[in-house]
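**Q** One letter stands for each residue in the lines below.
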Amino acid sequence: MAQPFRLSRGGRIDRTRPVRFTFNGRTVEGVHGDSVASALLANGIHLVGRSFKYHRPRGILSHGSDEPSALLSVDRGPGRIDPNNRASVVEARDGLKTLSQNHWPSLEHDIGAINDLLSPVFVAGFYYKTFMWPKKFWDRVYEPVIRAAAGLGKAPAAPDPDRYANRHAHCEVLVVGAGPAGLAAALAAARTGKRVILADEGPEPGGALLHETSAEIDGRPAAEWLDGALAELDSRENVILLPRTTAFGYYNHNHVALAERITDHLPNPGTAPRERLWQVRAGEVVLATGSHERPLVFSDNDRPGILLAESVRVFLNRYGVAPGRRIVFATSGASAYTAALDAKGAGLAVSLVDLRAEDECGPELVELRAAGIEVLTGHTVIGAKGGKRVTGLVVAPADRAGRCGAHRLLPCDCVGMSGGWTPAVHLFSQSRGKLGYEATIDAFVPGTSAQAERSAGAAKGTYDLAACLAEGDAAGAAASGSAERRRFTASPTLTGFRPVRAMPTDADPAKVRAFVDFQNDVTAKDIGLAVREGFRSIEHVKRYTTTGMATDQGKTSNMNALGIVAGKLDTTLPSVGTTTFRPPYTPVTFGTLVGPARHALFDPIRTTPIHDWAESHGATFENVALWRRAWYFPKAGETLHDAVARECKAVREGVGIFDASTLGKIEVVGPDAAEFMNRLYINPWLKLEVGRCRYGLMLKEDGYILDDGVVARVAPDCFHVTTTTGGAARVLAHMEDYLQTEWPDLRVFLTSTTEQWAVIALQGPKARAVIAPLVGGIDLSPEAFPHMAMRSGTICGVPTRLFRVSFTGELGFEINVPSDHALAVWEAVHAAGEPYGITPYGTETMHVLRAEKGYIIVGQETDGTVTPDDVGLSGMIAKAKKDFVGKRSLVRPDVVAAGRKQLVGLVTDNPKLVLEEGAQIVDDPGQPIPMRMLGHVTSSYWSPNCGRSIAMALVADGRALQGGSLHVTTPEGFARVTVVDPVFFDPKGKRIHA
Amino acid sequence: MLLIACPHCGNRPETEFRCGGQAHIARPADPAALSDEQWAEHLFVRANPRGVHAERWCHAHGCGRWFNALRDTVSDRFLETYPAGAQPSHSTDVRA
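Protein chains in written order, with UniProt numbering: chain A, 1 to 994; chain B, 1 to 96.
Honestly, the hints are just simulated from the structure, not real lab data.
Honestly, I wouldn't trust all of these hints.
Think about it this way: if two alpha-carbon atoms lie no more than 25 Å apart in a straight line, the pair counts; the simulated SDA-like pairs of lysine to any residue are [claimed, not checked]:
1. K700/A <-> N11/B
2. K700/A <-> A84/B
3. K887/A <-> A29/B
4. K887/A <-> L2/B
5. K881/A <-> A29/B
6. K700/A <-> R18/B
7. K882/A <-> F44/B
8. K687/A <-> E55/B
9. K912/A <-> C946/A
10. K881/A <-> A33/B
11. K881/A <-> L2/B
12. K434/A <-> L2/B
13. K881/A <-> L43/B
14. K881/A <-> A26/B
15. K881/A <-> E37/B
16. K887/A <-> V45/B
17. K700/A <-> G85/B
18. K700/A <-> E55/B
19. K700/A <-> I25/B
20. K879/A <-> A789/A
Some residues of chain A that are not near chain B, with every Cβ distance over 10 Å (derived) [as the list claims (entries may be wrong)]:
21. F137
22. N254
23. H599
24. G726
25. E742
26. G859
27. R888
What you are looking at is a predicted structure, and each value in this text was computed from that prediction instead of being measured.
Ideal placement from N, C-alpha and C gives every residue a C-beta, glycine not left out.
Just chain A, with the same shape it has in the complex (with noise of 0.2 Å):
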């Protein structure tokens, strides 16, 4: 077994479970339990990567989820590659293929590392203050040069092969952090019988007690009470214990996010999702989220082998991992003794530098020293030796003024600092919660809460072990509704720290290289330069430096980012305040995200009972709102030109079928229907006769058109409601608020209908003669069936409501059938249609045909802006009526004043040119810019019919420089138009009568 630097014994590893990884092409031996990071540091390997702006090298810092640096590619197959995987979170399994990331030709030897020379230039604003001029070189070379220079690591570019799965969860109690105040939280809401739900970002719940190999809790050593723990949530049916969890998000009304890895970690990961986001909404939340251990700033602190105090004792006693052979710690607290001492109990050599004073130290030190472990008090870390790997450190004694003494080189392989804890409270602070300054811990701590949530532990600022259970206990207790409260005895611990921000030194300040935010590779200069430079708002200093603005936001460097511009602003921490948290608490795949969403889930599409017909007769199809329908129909070699050409010629020649069944419909049913309707549409409805139709205008309550459609008189107390494609769920939806908020006393009900009638279209003057044969019980004479009639029958056998309408100008009718057998009735029409050459057209036929007879769209000639009268429409207005929705907007004073733009039709000089839909409209194309624009072009097509060119468009005054000339903005300028009538065919309207 390679793996110099594996501890012979300890460690929550599987020694006879090796595994093997690569690491940029090299084999990587570890064992069963090992992070790729702690497997890296079993074989020595430290520098892991390049930094983000300098190409730095760079090591493992963390042990956990805060690691600024060590972040890595990671390779599971062909399309599973994803850049920036933090190398302390990734468990090291058989097959993985991890690569380092930003350094070419090769981690060791990086031509990019030329950046740390020039460190200099690239000071805080550098972007800001350099790519200014000229301005052409904006997009053509600074973008290109600083994209490609940008960014960490390299998206993959295959789709991605994996699946992943979304989960709502409901329950009492969802605690976050299975560390021990997360355990005893869970433990003491289990034992209520609540349904409780345990999540925890690690492979191996435990938090701090997976490394906690001295401890005892209540007369046991600490991973002993750990199993006792996990075996009763474990046996609990009440208990969701979720490892792999990392809870990213917390929402409103106790709306928390999750993400959990399912399969990362396995070699072979069969059939399962890769990752489910679980969507949890929980009665109370606990958060035992922990605390993050702060890097000390000094000269080149970013030296791989320097990691933080805490991750060295992570590293030997849950990874049974010597990060070095000679350690020396740095801290401004206790914590790191814990440290030492374990590195010491390893067999390592170890000494501690401690910048407080002898008797600042508390009984750590004594403890230490008994040990025979040497310890500096009073002594500052003027800065690391080494470069691709720490050599040493260069300390001095320093005083509370920070007047630095002799220099004193400690040779080391691995440096453990600690400059104190900031506790995890980002997703109290995403809760809404409300922040407090402790002074006594130098940090922000869940104060005032926002929703139905209770902080216990580190995340509240609270170190000791004993201190944290009874805390957890408490919030578990008091969220799940019990008095009952649980004492615990356990091991004291160490705690309590001198708040530092960047070490003193007596360097020259041009030369000190001291990293505040290692992700994103901003110093303490840089901090500081943007205050001198005027930045006062910490979220301004943030957004200048980049400070906490990497994937890691700033976990590990936040609070030393403050502190330094508290002390440079002369300050306190909480006048300077914190930056805003945001989810995601850690970075989260788009994959989760998304879940089943994708392909055909992405974004859902409607279709009509005759789409597969449509489609194996060669339509191309559109998207209509969520409708895809048949667009036209190609024949072999024609282009939509020549097709809707064929098309529109065959509806006026001869007979025409479309499939119309997206249109809306509404049944409107009870004794005062006529009322209703006669409320909501400008129409009159009381007299209309049973067997008649009417179209129908809707308004909203300002006066504009919201919708349109034809509407039947089906019985005294029953209309067949039509709407537009688009609009169906918003009539339904403004029918529905009129009835249930004003008028809750009529009798109606309204029943949507769209999806129960299929509708089929035959349109031309040959309709009648196809239809003929197949229909029963309904005489179609044009006297007995006159335009704009609706009667009930069968045909081809089937029920129907026979339509004679026209959205053509032919003589036409709509059969509406049940939505089963349409494909059937479609099928045997066509096939009677066969002998007149009946012709299957599409939307874009049905807009041109619409467009030569001048009806207008709603959407197209209107856009929420277009009352009754500026389309030549206000004829329909029921002038008897003393009210209906809408009408008393029609006198508005702007709505009756004179320049409204009206609907006109366009033709042009040139009968060839089509002008382009939502063209502008002039009248003196030699005015000086800006012009006075008079209106838009909302229709525009070939007309077959015509033989040329038709518009239709929106004119200021329109309807009164009828015969007048206007001009169009085209591509190639200004072309010239004459205004008509919008009837462009027949427009006696003789056809439809036929």
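Dock chain B against the given chain A, drawing on the hints supplied.
**A** Just chain B now, with coordinates in the frame of chain A:
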């Protein structure tokens, strides 16, 4: 995501609902009798309080029914929901 108590269905997630703006604005019985200013006021002028707001909500993807709610616009806390046409039991002057 808000959790909203439909008076007819109970607690449901926000995505099932549609908000209809300020509540308790009755459509005038005779709009023609209103001056242009009064009509404009009815149509366009809405309260935008920092604090408790009476709102119309529709359980669009549930029972389809409109109801009213008192919501604190600062905390997003709902004080109560109640059927359309009813009056709230809380005052809208308080902060949730």
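**Q** So, for every hint listed, does it hold in this structure?
**A** Taking the hints in turn, this is what the structure says about them:
Using a Cα cut-off of 25 Å, the hinted pair K700/A and N11/B is violated, with the two alpha carbons roughly 31 Å apart. Restraint check for K700/A and A84/B: satisfied, since their Cα atoms lie roughly 21 Å apart, inside the 25 Å limit. Simply put, K887/A and A29/B have alpha-carbon atoms about 13 Å apart, close enough for the 25 Å limit, and the pair holds. Of the supplied pair hints, the one linking K887/A and L2/B is violated, its CA atoms being roughly 37 Å apart against a limit of 25 Å.
Under the criterion of a C-alpha separation no larger than 25 Å, the hint pairing K881/A with A29/B is consistent with the structure, at around 14 Å. Of the pairs offered as hints, the one joining K700/A and R18/B holds, with about 18 Å between alpha carbons and a cut-off of 25 Å not exceeded. For the hint linking K882/A to F44/B, the alpha-carbon distance of about 22 Å falls within 25 Å, and the restraint holds. Annotation: proposed proximity of K687/A to E55/B is violated, straight-line Cα distance about 38 Å (limit 25 Å).
Between K912/A and C946/A the CA atoms are separated by roughly 11 Å; this keeps the pair inside 25 Å, and the hint holds. A threshold of 25 Å between alpha carbons decides the hint, and for K881/A with A33/B the separation of about 15 Å falls inside it, so the pair holds. Distance hint between K881/A and L2/B is unfulfilled; the C-alpha atoms sit about 43 Å from each other, more than 25 Å. With a CA separation close to 20 Å, the supplied pair K434/A and L2/B stays within the 25 Å bound.
Among the hinted pairs, K881/A with L43/B is consistent with the structure: their alpha-carbon atoms are about 21 Å apart, no more than 25 Å. Our distance criterion of 25 Å between C-alpha atoms is met by K881/A and A26/B, whose separation comes to about 20 Å. Of the pairs offered as hints, the one joining K881/A and E37/B holds, with about 23 Å between alpha carbons and a cut-off of 25 Å not exceeded. This hinted pair checks out: K887/A and V45/B have alpha carbons roughly 19 Å apart, not beyond 25 Å.
Taking the CA atoms of K700/A and G85/B, the gap is near 22 Å; set against the 25 Å cutoff, the hint holds. Between K700/A and E55/B, the direct Cα distance comes to roughly 20 Å. Compliance with the 25 Å bound is thereby established for this hinted pair. For the suggested pair K700/A and I25/B, the alpha carbons sit about 16 Å apart, so the restraint of at most 25 Å is met. Distance restraint check for K879/A and A789/A: the Cα-Cα separation of roughly 23 Å lies within the 25 Å cut-off, and the hinted pair is therefore satisfied.
Here F137/A stays apart from chain B, with its beta-carbon at least about 45 Å from theirs, past the 10 Å limit. Remark: the non-interface label on N254/A conflicts with the geometry, its nearest Cβ contact in chain B lying 8 Å away (cut-off 10 Å). Here H599/A stays apart from chain B, with its beta-carbon at least about 22 Å from theirs, past the 10 Å limit. Consistency note on G726/A: stated as away from chain B, and its beta-carbon is indeed over 10 Å from all of that chain's, at 17 Å minimum.
Distance check for E742/A against chain B: the nearest CB is about 5 Å away, which does not clear 10 Å, and the non-interface claim fails. A cut-off of 10 Å between C-beta atoms confirms that G859/A is not in contact with chain B; the least separation is 20 Å. Chain B draws R888/A into its interface by the beta-carbon criterion, the shortest separation being 4 Å against a cut-off of 10 Å.
In the structure shown, a violation is registered for the earlier hints numbered 1, 4, 8, 11, 22, 25, 27, in ascending order.
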